[in-house]
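Trainee: Sequence:
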Amino acid sequence: RVAETGPGRLNFGQSAGLTRQETRVLHALSEGAANKAIANMLGLSEATVKFHLSNLYRKLGCTSRRDAVKAAVALRIVS
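Under the working numbering, the sequence shown has 60 at position 60, and the numbering climbs by one with no breaks.
By construction, these hints were calculated from the structure, which means they are not laboratory data.
A quick note: this is a predicted structure, and the numbers were derived from the prediction, not measured.
Idealized CB from N, CA, C, for every residue including glycine.
Hints may be right or wrong, so weigh each one.
Unchecked claim - Pair by pair, the computed Cβ-Cβ distance ranges are:
#, residue 1, residue 2, range
1, T63, A34, 17 to 23 Å
2, G61, N40, 27 to 33 Å
3, N55, A34, 15 to 21 Å
4, A74, A47, 26 to 32 Å
5, K36, S64, 25 to 31 Å
6, S79, A47, 18 to 24 Å
Unchecked claim - Under the rule of at most 30 Å between Cα atoms (straight-line distance), these lysine-lysine pairs were calculated in the BS3-like manner:
#, residue 1, residue 2
7, K36, K70
8, K70, K50
9, K59, K70
Turn these sequences into a full structure, and let the hints guide you.
Mentor: Encoded structure:
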């Protein structure tokens with residue numbers, strides 16, 4: 001789940017250099033959602049989800065979904 005920070009729930013992600021949409025994708029990723037499921041949840045195309053994942057990996061210094069979630073937990077973006 002996304003770290004609770006009061007009115008700006010996504011502030012931890014934004015302080016890590018992530019956009020609001022990247023943080024939403026990361027949240028869904030942390031729950032084990034596949035790209036297609038993430039796309040359906042957020043009203044995006046699968047290609048857009050893949051684009052956001054690519055940006056997440058670059059910004060978090062990761063190369064896999066698992067590592068991205070680990071980094072997000074360490075940075076308190078998700079719990």
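Trainee: All hints are to be evaluated individually against the structure, with a verdict given for each.
Mentor: Against the structure, the hints:
Checked against the given bound of 17 to 23 Å, the beta carbons of T63 and A34, roughly 18 Å apart, stay inside it. At roughly 28 Å, the beta-carbon separation of G61 and N40 lies within the given 27 to 33 Å, and the hint holds. The hinted window of 15 to 21 Å between N55 and A34 holds, with their beta carbons roughly 18 Å apart. Restraint check, A74 to A47: a C-beta distance of roughly 29 Å satisfies the suggested window 26 to 32 Å.
Distance hint check for K36 and S64: the Cβ-Cβ separation is about 18 Å, which falls outside the suggested range of 25 to 31 Å. Separation of S79 from A47 is about 29 Å and departs from the stated range, judged on CB atoms against 18 to 24 Å. Between K36 and K70, the direct Cα distance comes to roughly 21 Å. Compliance with the 30 Å bound is thereby established for this hinted pair. A threshold of 30 Å between alpha carbons decides the hint, and for K70 with K50 the separation of about 19 Å falls inside it, so the pair holds.
For a cut-off of 30 Å, the pair hint linking K59 to K70 stands: about 13 Å separates their Cα positions.
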